[in-house]
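Quick note, the sequences are listed as chains L and V, same order.
Position one of the first sequence corresponds to residue 1 (this note's numbering), numbered consecutively onward.
Position one of the second sequence corresponds to residue 1001 (this note's numbering), numbered consecutively onward.
It should be emphasised that the hints constitute simulated quantities derived from the structure, not laboratory data.
All residues carry an ideal CB built from backbone N, CA and C; glycine is no exception.
Any given hint could turn out to be false.
[Said to hold, decoys possible] Heads up, incomplete: computed chain V residues facing chain L, CB under 10 Å, no partners named:
id, residue
1, P1014
2, V1018
3, M1027
4, N1143
5, L1152
6, L1161
7, V1163
8, G1167
9, L1228
10, T1232
11, L1242
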Amino acid sequence: MSGRLPHPSEVSPWHDALRRLRRNRLAMAGLALLVLFVTAGFLASWIAPYPYDKTDLRHGAKPPTFQHLLGTDELGRDLLTRTLFGARISFAVGILATLVSLTIGVTYGSLAGYVGGRVDHVMMRIVDILYGLPFMFFVILLMVLLGRNILNLFIALGAVQWLTMARIVRGQILSLRSREFVLSAHAMGASPRRILVRHLLPNALGPIVVYATLTVPAVMLEEAFLSFLGLGVQPPMASWGSLASEGAAAMEVYPWLIIFPGCALTVTLLSLNFLGDGLRDALDPQVTARR
Amino acid sequence: MVSFILRRVAGFIPVLFVIVSLSFFIMRLAPGGPFDQDRALPEQVRANIEARYHLDEPLWTQYFRYLGDVTRGDLGPSFRYPDRSVNELLGLGFPVSLLLGSCAMTVALLAGGTAGLLAGVRRNSLVDYLTMSLALGGVSVPNFVLGPILMLVFALGLGWLPVAGWGTWRHLILPSLTLGAFYAAYVARLTRAGMLEVIGQDFIRTARAKGLREAAVVLRHALPSAILPVVTYLGPASAAVLTGSVVIETIFSIPGIGRYFVGGALNRDYTLVLGTVVSYSVLLLTLNLAVDVLYAWLDPRVQIR
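All chains, please: the whole structure from these sequences, using the hints.
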């Protein structure tokens, strides 16, 4: 501790959390890897060495060489290129589906928590019932029946992922609702909408951010799972899941086809988990203290 | 207790009703039917087939007919396997999936529980770091990547175990490990956290103070409270194991109901898909109830009402 008193802006909970996060090496390493992967996926059209659907049967199913750093598949498509484009789709689905689930979950949860009473009881009872449903089966049904395009994919995934978010937000709002600052805002005549958006939600942001970070890997895993079954992204496009699926089919002869996309997916999920854990520890110091 | 269970079972009925109705209408409102093939059937043949399966009736009549049949436990004839009823097909597949799922859960609880217990008791030791790194890896490797890799190493490379298929206990090992790995990792993390939380509490100090052996303190006093989060997790975990087994059955060519589900959905075999969803849901609801009862038994503070 230096002799100088910290400036008030430096001790706000967010600054404090950011400082704790920066000190968490695993979380920062995860963040760095994610930034790298997302950038690479985003720039795939420019940095990929080949077009993603360019086939070259003469160089089919080659192990890694200098021309093809990760090797090629049976049709001679460059695996590095396909993994880069796969990153784009996997991240896009992960982020968009998380946004869908965030929107539904936060709206539903904050309404239930703010209105309270009977409405809250009924709304949460519905969530309980939905928890009991085998949701992945509905997603599979929706994908089979509505057509397998990527828009349906992230809507279906986001639509089934909001339950836990709704519970978390509702719990937060419920406990914040009777605090003094909310009462005073109420007394000054703020509208319910304003209280919710300006006073309650910003204070519940910590857990929301943490849980959203943990939703991204869950959704990416589900996308990969669907694509693996052939129900997600359709050829010639590829996501990491569909690449792993093609790789698994051919792995006896060409093991690199499953190893590289599998590693990319695993490293990404690992990074997201590190980051999520780090954020949770940073935003909720009590949890850390108890560990 | 008995009345609690009975009331919960009664609560299954509306939930199952929602599930059946939802799946029924999702299937029916989507374009395409089970008899749309590349080669169009002659008009009369098609009409005959549709009449046989009551597909020519209005949707509402079909819906109520199906509800009535399901209530009597009859899931109807399969559209794609003309000589089989859905009950027969599920009767073949269900024991297989159930065995696979229970083996995976056993792997998860035994391996994950032991690892988490050791890590929690010997906090910040080498054992702790090793198991926790392994657990982090475990929750990050998707099962459809782990499965093929295990297959590559232990079946194709070393030749210790059969590559795929079903029949002997040796066929069970790789699929159960693949399916259970994620949950083992998660259970390990939960157990460790629970252990750390409990081990510092007063009643543990009392147990130590009265001179109990460390093993008795840990196993008899700390463990029951420490695994409560694990018990809570069992409900969602069993749901996820059921879902996961769809992929595992595909990878290892196991004749369970997961394959009927995917195949049925792709072929628009309405009755087969509905039947799979209904039986999965019944299983899931029963497991959730079992978890609640188990929880109340382990934690005397929880009152069953």
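Check each numbered hint against the structure and report the violated ones by number, ascending. 6, 8, 9 and 10
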